[in-house]
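Visitor: Listed below are the residues making up each chain.
2 protein chains.
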Amino acid sequence: MATVDDGTLALAKEAQDLLFRSARTANAFTGEPVTDDQVRAIYDLVKWGPTAMNNQPMRLVLVRSPEARERLVAHMTDNNKAKTAAAPLTAIVAADSGFHEHFPTTFPHKPDAREAFEDHPGRPQIARFNASIQLGYLILGIRAAGLAAGPMAGYDADGVAREFLNDGEQAVAVVNIGRPDPAGTFPRLPRLDYDQVVTTV
Amino acid sequence: MATVDDGTLALAKEAQDLLFRSARTANAFTGEPVTDDQVRAIYDLVKWGPTAMNNQPMRLVLVRSPEARERLVAHMTDNNKAKTAAAPLTAIVAADSGFHEHFPTTFPHKPDAREAFEDHPGRPQIARFNASIQLGYLILGIRAAGLAAGPMAGYDADGVAREFLNDGEQAVAVVNIGRPDPAGTFPRLPRLDYDQVVTTV
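The listed protein sequences correspond, in order, to chains A and B. If you want the numbering used here, it's the position in the first sequence, counting the first as 1, plus 31. If you want the numbering used here, it's the position in the second sequence, counting the first as 1, plus 31.
In case anyone wonders, no lab produced these hints; they're calculated from the structure. Check each hint, because a few of them may be wrong.
Any copy, or any two copies together, can satisfy a pair, since identical chains are not distinguished.
Derived DSS-like pairs: lysine-lysine, alpha-carbon spacing no greater than 30 Å straight-line [said to hold, decoys possible]:
(1) K141 / K44
(2) K114 / K141
(3) K141 / K112
(4) K112 / K44
Just so it is clear, the structure is predicted and the values come from calculations on it, not from any experiment.
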């Protein structure tokens, strides 16, 4: 697993470590709360990540009340229930198929963009694709705040949508957020080698 | 557009700017080449970003030869042809539905994982979802190298797959990479406000 770390990157070593090399998916957290100010700072960073036509379909539902957490846990798969019940904060990451409603603001130089997408059958898929890219930004943004993310794909998407989302929104992931408890960090798993991933033509 | 930038984040201001705040999608580039060492350094950073079951489905095809570039440009939509023809480097980002073949290496603590996914009908969708998250990491990784990314969704996905990808792989995006020419950077578009994106329950 040879790595190149000889100054080829412009990003400072500390930032590389914070976001990628030392950061780890967390399955347990300390009791320290995650504040709205922290979430606001994370969003105010990751919102700048690019999306297609600046469509920004990602939506976040912060699950804070005990009652809401209980409703969410009921829709998580068994292996995700305990850690979701215990996390300082859990965010439902959703994709809004109604992203085109914002085009007059978000893509103002093309005044007919909203209308052009009104009957576009691909909106749910476009929303999901771009919200997934934004999920990548979000995971790194959580780490940028000095916190750890625990993204989960194991949940009943229909149940989560029915309980928590608006019409036209679909669940993309559920992410636990907090200060990591080292006891809940699994051993680092191997990554594919460059030559397994990258080809040149 | 109030922002929180008061030290709530652990990530250094310079890194925030490099990855998110100052970085921009590029539509034109200087003639400076993008080397294999740079791509290797980018991959060796972004490979650490998490994926579901560590499945790492993202594959990259670096389009370097004039002949391959010509074949790719033919499959780009008209608005993407000229900039793809001129970019120092273009990467086809693909999702490999055969990610489970690597589970003996990438998810070794669950020895039956490969077999369990052999007949799983959701593999193409799982691959696409996780490769899309990895595309988010990749765009930031390109910026971490001091370069700019120009991700594009406008291309004939079937044509690109037929020309450049292996069986079981699907195109997720085509990304131009290089040192940005300021003339090819459009005015910054507005982002949605926190309250348009985040709700609390």
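Visitor: Checking each numbered hint in turn, tell me which of them this model violates, lowest number first.
Guide: 1, 4
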